[in-house]
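Generate the whole structure from the sequences, applying the supplied hints.
Chains A and B are the protein sequences, given in the same order. Throughout, the working numbering is defined as the position within the first sequence, counted from one, plus 20. Throughout, the working numbering is defined as the position within the second sequence, counted from one, plus 20.
Since the hints were derived computationally from the structure, they do not count as laboratory data. One or more hints might be untrue.
[Said to hold, decoys possible] BS3-like cross-link-like pairs, simulated, lysine-lysine; straight-line CA separation at most 27 Å:
(1) Lys-523(B) with Lys-494(B)
(2) Lys-205(A) with Lys-135(B)
(3) Lys-142(B) with Lys-45(A)
(4) Lys-54(B) with Lys-205(A)
(5) Lys-75(A) with Lys-366(B)
(6) Lys-60(B) with Lys-229(B)
(7) Lys-135(A) with Lys-88(A)
(8) Lys-494(A) with Lys-523(A)
(9) Lys-135(B) with Lys-131(A)
(10) Lys-45(A) with Lys-131(B)
(11) Lys-205(A) with Lys-60(B)
(12) Lys-45(A) with Lys-526(B)
[Said to hold, decoys possible] Derived Cβ-Cβ restraints for the label pairs, each shown as a range:
(13) Tyr-401(A) with Ser-126(B): 17 to 23 Å
(14) Ser-524(B) with Asn-367(A): 55 to 61 Å
(15) Arg-326(B) with Gly-507(A): 33 to 39 Å
(16) Asn-367(A) with Leu-124(B): 34 to 40 Å
(17) Ala-414(B) with Gly-364(A): 27 to 33 Å
Idealized CB from N, CA, C, for every residue including glycine.
There are 2 protein chains.
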Amino acid sequence: MMISRVSKKSATQFMRTLASFTPAKPLHARDLNKQTIEAKYAVRGRIPIRAEEIKHHLQTNPESHGFKFDKIINANIGNPQQLDQKPLTWYRQVLSVLQYPDILESEELSKSYPKDVLTRAKNILSSTGSIGAYSHSQGDQYIRKSVAKFISQRDGHPANANDIFLTAGASSAVSYLLQILSVDKNSGFLIPIPQYPLYTASIALNDAKPIGYFLDESNNWSTNPEEIRSLIKENSEKGIDIKCLVVINPGNPTGSVLEKEDIKELIDIAAEFGIVLIADEVYQENIFQGEFISFKKVLSELVIARPDLYSNVQLASLHSTSKGFSGECGQRGGYMELSGFTDGFKNVMLKLASINLSPVVSGQALMELMINPPKQGDESYAVYKQEVDEIYSALKERSELLYNAFTTMTDVTCNKPQGAMYLFPRLHFNKHGYARLFQEAQDLGVEIDEFYCIQLLENTGICCVPGSGFGQVKDTYHLRTTFLAPGTEWIENWRQFHEQFIKSYKS
Amino acid sequence: MMISRVSKKSATQFMRTLASFTPAKPLHARDLNKQTIEAKYAVRGRIPIRAEEIKHHLQTNPESHGFKFDKIINANIGNPQQLDQKPLTWYRQVLSVLQYPDILESEELSKSYPKDVLTRAKNILSSTGSIGAYSHSQGDQYIRKSVAKFISQRDGHPANANDIFLTAGASSAVSYLLQILSVDKNSGFLIPIPQYPLYTASIALNDAKPIGYFLDESNNWSTNPEEIRSLIKENSEKGIDIKCLVVINPGNPTGSVLEKEDIKELIDIAAEFGIVLIADEVYQENIFQGEFISFKKVLSELVIARPDLYSNVQLASLHSTSKGFSGECGQRGGYMELSGFTDGFKNVMLKLASINLSPVVSGQALMELMINPPKQGDESYAVYKQEVDEIYSALKERSELLYNAFTTMTDVTCNKPQGAMYLFPRLHFNKHGYARLFQEAQDLGVEIDEFYCIQLLENTGICCVPGSGFGQVKDTYHLRTTFLAPGTEWIENWRQFHEQFIKSYKS
Chain A
21 MMISRVSKKS
31 ATQFMRTLAS
41 FTPAKPLHAR
51 DLNKQTIEAK
61 YAVRGRIPIR
71 AEEIKHHLQT
81 NPESHGFKFD
91 KIINANIGNP
101 QQLDQKPLTW
111 YRQVLSVLQY
121 PDILESEELS
131 KSYPKDVLTR
141 AKNILSSTGS
151 IGAYSHSQGD
161 QYIRKSVAKF
171 ISQRDGHPAN
181 ANDIFLTAGA
191 SSAVSYLLQI
201 LSVDKNSGFL
211 IPIPQYPLYT
221 ASIALNDAKP
231 IGYFLDESNN
241 WSTNPEEIRS
251 LIKENSEKGI
261 DIKCLVVINP
271 GNPTGSVLEK
281 EDIKELIDIA
291 AEFGIVLIAD
301 EVYQENIFQG
311 EFISFKKVLS
321 ELVIARPDLY
331 SNVQLASLHS
341 TSKGFSGECG
351 QRGGYMELSG
361 FTDGFKNVML
371 KLASINLSPV
381 VSGQALMELM
391 INPPKQGDES
401 YAVYKQEVDE
411 IYSALKERSE
421 LLYNAFTTMT
431 DVTCNKPQGA
441 MYLFPRLHFN
451 KHGYARLFQE
461 AQDLGVEIDE
471 FYCIQLLENT
481 GICCVPGSGF
491 GQVKDTYHLR
501 TTFLAPGTEW
511 IENWRQFHEQ
521 FIKSYKS
Chain B
21 MMISRVSKKS
31 ATQFMRTLAS
41 FTPAKPLHAR
51 DLNKQTIEAK
61 YAVRGRIPIR
71 AEEIKHHLQT
81 NPESHGFKFD
91 KIINANIGNP
101 QQLDQKPLTW
111 YRQVLSVLQY
121 PDILESEELS
131 KSYPKDVLTR
141 AKNILSSTGS
151 IGAYSHSQGD
161 QYIRKSVAKF
171 ISQRDGHPAN
181 ANDIFLTAGA
191 SSAVSYLLQI
201 LSVDKNSGFL
211 IPIPQYPLYT
221 ASIALNDAKP
231 IGYFLDESNN
241 WSTNPEEIRS
251 LIKENSEKGI
261 DIKCLVVINP
271 GNPTGSVLEK
281 EDIKELIDIA
291 AEFGIVLIAD
301 EVYQENIFQG
311 EFISFKKVLS
321 ELVIARPDLY
331 SNVQLASLHS
341 TSKGFSGECG
351 QRGGYMELSG
361 FTDGFKNVML
371 KLASINLSPV
381 VSGQALMELM
391 INPPKQGDES
401 YAVYKQEVDE
411 IYSALKERSE
421 LLYNAFTTMT
431 DVTCNKPQGA
441 MYLFPRLHFN
451 KHGYARLFQE
461 AQDLGVEIDE
471 FYCIQLLENT
481 GICCVPGSGF
491 GQVKDTYHLR
501 TTFLAPGTEW
511 IENWRQFHEQ
521 FIKSYKS
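Printed below as a string of structure tokens:
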């Protein structure tokens, strides 16, 4: 009955409209959301896109590509397994069992897996059930409890599984937080300059106001609390409602690691002005100098010392499976711990998480494996330990090689790497000494550092990101490079390119 | 040097602030983004949350829980593997190799896997590299090509890998699309009523205007193009800029399947008024009556017949690994095909995808396995075919059992299931026949259908979602239930509960 009715009516309908209407035009920029058009994201911006084109060209024309190099060195993004970093065996063995639990039933298959791998897989499955099922929107409870235990042991202060949200990397935590805190155009977010562009992009998408506070390059890219305080006062007088102070520690792109005293001062600011603190601590495993101290640990100490002053501080600390020794970027695991927030706030967060249904369950499991690795005595311990040590020393060695190369380059300075996966060297170029460079860049309509990165890419295949994509003091020029790429040849090529560049542009 | 400086300054700083400041208050609702507070998401709303409480209570007090039932039947959400649906062996074998590629090198392990599993894993890895690496933000190219091939074969019309975006389920595609199309408060989105609440929630988060068009219950929940046209005219006169027409086919929560003529009429509307079409086709495998016809196929035919009228139509069609025979909800795989959109629009989409870095790579791989399954002659074919057939007939059988049960219940009507995973029966309650019910619901401040669902949950452990969470014609009452739960006992319990309910409330 339905069919006949619809067919009849719509047949005529169809003819009528075919005969009559004038087709509408496609959408143009003016028809789209302004913020989505204006948001910028340098890490995957113009230069990486050009690098993709060249990579494609090299692959399709291996003999006749016409470039001076045969491959692209992706130093633009912290993506260890895109380069040569091998995933940790422990992680991947457990994940393979979670994907194919029949391994647990098959004697033939299971005998090739260490006992602790099988046990861990069973434990996780006993809580998640199939990893093909949606979990609780906040994340599986067994895994959240495990994360809380990790935090308690790391900091020596209790953590609560109900304050943990498992997330798809740290990015989705950032976008939830910024969305909830963006009341209107006057909602202000204090972000470090230089910063990881995810923050400016998310603030732009929420049509809120980014307020950059400068990190002190002359002081190892440390924070300057006095500047932050005056920015708060100044902007509050202008009617800006300061919502949040974002700190990235260890620093991206700067590679700096904050001292306990720096952290205390930033918590003081949050306590005094009632500002939410976002501590982006995804690089907490990547420490080459000094030690990592979590904001949560320092806050816990302050709350014990002076509950009257600090118990209202609202801290969101973020972690991820994408960095550290795992570098499992593509698996999208992460967590956010919400300390000191109201239940009302956590309920709104849970609703946003629910609208996205559930963070990928294999990524949740990976987070559990990362924060609860094999212990001495476990069958997997030896291999795990060896692989982690190798990754750590390889990263440390590469960071030093690259750092040393920059120290020898003309008109380049660079802070010694302390943590994370990046160096952020400064290019000391100025109008007087490099008149032709400034002229050519202007003619092309690009920034000075962007011009350098384009030349670097076209001449060596090395892809990194200009400092202008992260923010920098006016008339200073930087670039961000990872030190993940294996080998030393690319570093030597860079050195040679640089001296050529100086020769042809320095007057 | 840094350390001494910071310590000195901050020590004093720290004492000063300890001594001086008054701590700020925590955030309250007024300090948070209005849209995030007001957005509603019924599928995981009040009743499912109560069900979680009961589940916890049952587990912790197995002997003395005081309920008439021992377990919760989650009929509130399409989450097959949370119930008893076993994942397809083919998917999980390939995914286990992708997670642990050493299987390919190990003779002992690899001999337990079918050849085509190993070959497919190799093919995917040769493009993605480690699945622990970020992919291209739009998704891996080999997988996008495979999706384009699937669409071409499904529809008999070409599809282009550059138009495919791999996404985390269909939800992230929906949120990207709605975000880009929400210019301001006057951006209007036509959504079906009843609808899947992801749409109203996302529209609310973007502070845009939902415009509900009613599906015709008396006509198997089909669409009524005349009503949609008059809604467009009416709202345009009010200054609403209609951006988009959302269609869910097969229907959620209605379980209806659209005819080709219905689809043509909706495309006509998009062509005539320049409205983006979102075709949510995630249930395209779940067809029990009639056949699935994609919007893309019908559009392709129309473009060939009348390019002058139809080549500007902008269609976004969505698919997911969460439904169909896979039901791999927790793996977060999906794709979106953008047909007829400008490059400008696709670039903005790519930027949003880039800000989220990369859809989970194992989910991308799963999508490839879903749309490119084993073929006759492949080693995995027999098992794959058998498992798929079993899942299909189990779902069909359960849908009919549940449908038959509703047809026997007093004052309940229900359309025959055609597709998807849901039934949306109507409860024929009214003020006159059910005075006490209306009184009690009013006293509790809940909707009539919500009251029924609460009673159903508290008495039988069956958790489903009131129609008010999806939208329904005023003074009509429905509920959405999945037919995924195994067994017949829960259906019989429901029948008995219902007749009890009628006895005690019908005057």
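Right, here's what the structure says about each hint:
Between the alpha carbons of Lys-523(B) and Lys-494(B) the distance comes to roughly 25 Å, so the proposed pair stays at or under 27 Å and holds. For the proposed pair Lys-205(A) and Lys-135(B), the alpha carbon gap of about 58 Å is over 27 Å, so the pair is violated. Restraint check for Lys-142(B) and Lys-45(A): the C-alpha separation of about 45 Å exceeds 27 Å, so the hint is violated. Restraint check for Lys-54(B) and Lys-205(A): the C-alpha separation of about 13 Å stays at or below 27 Å, so the hint holds.
For the suggested pair Lys-75(A) and Lys-366(B), the alpha carbons sit about 22 Å apart, so the restraint of at most 27 Å is met. Restraint check: the Cα-Cα separation between Lys-60(B) and Lys-229(B) comes to about 14 Å, which is no more than 27 Å; the hinted pair holds. Proposed proximity of Lys-135(A) and Lys-88(A) is contradicted: the alpha carbons are some 51 Å apart, above 27 Å. Annotation: proposed proximity of Lys-494(A) to Lys-523(A) holds, straight-line Cα distance about 25 Å (limit 27 Å).
For the hint linking Lys-135(B) to Lys-131(A), the alpha-carbon distance of about 21 Å falls within 27 Å, and the restraint holds. With a CA separation close to 57 Å, the supplied pair Lys-45(A) and Lys-131(B) exceeds the 27 Å bound. Restraint check for Lys-205(A) and Lys-60(B): the C-alpha separation of about 24 Å stays at or below 27 Å, so the hint holds. Between Lys-45(A) and Lys-526(B) the CA atoms are separated by roughly 56 Å; this puts the pair beyond 27 Å, and the hint is violated.
Checked against the hint of 17 to 23 Å, the pair Tyr-401(A) and Ser-126(B) passes, with Cβ atoms roughly 21 Å apart. Evaluation of the 55 to 61 Å hint for Ser-524(B) and Asn-367(A) yields a failure: the beta carbon distance comes to about 34 Å. The hint said 33 to 39 Å for the Cβ distance between Arg-326(B) and Gly-507(A), and at roughly 58 Å that hint is violated. With their beta carbons about 46 Å apart, Asn-367(A) and Leu-124(B) fall outside the hinted range of 34 to 40 Å.
Under the hint 27 to 33 Å, the C-beta atoms of Ala-414(B) and Gly-364(A), about 42 Å apart, miss the expected range.
Checked against the numbered hints given earlier, the structure breaks hints 2, 3, 7, 10, 12, 14, 15, 16 and 17 and satisfies all the rest.
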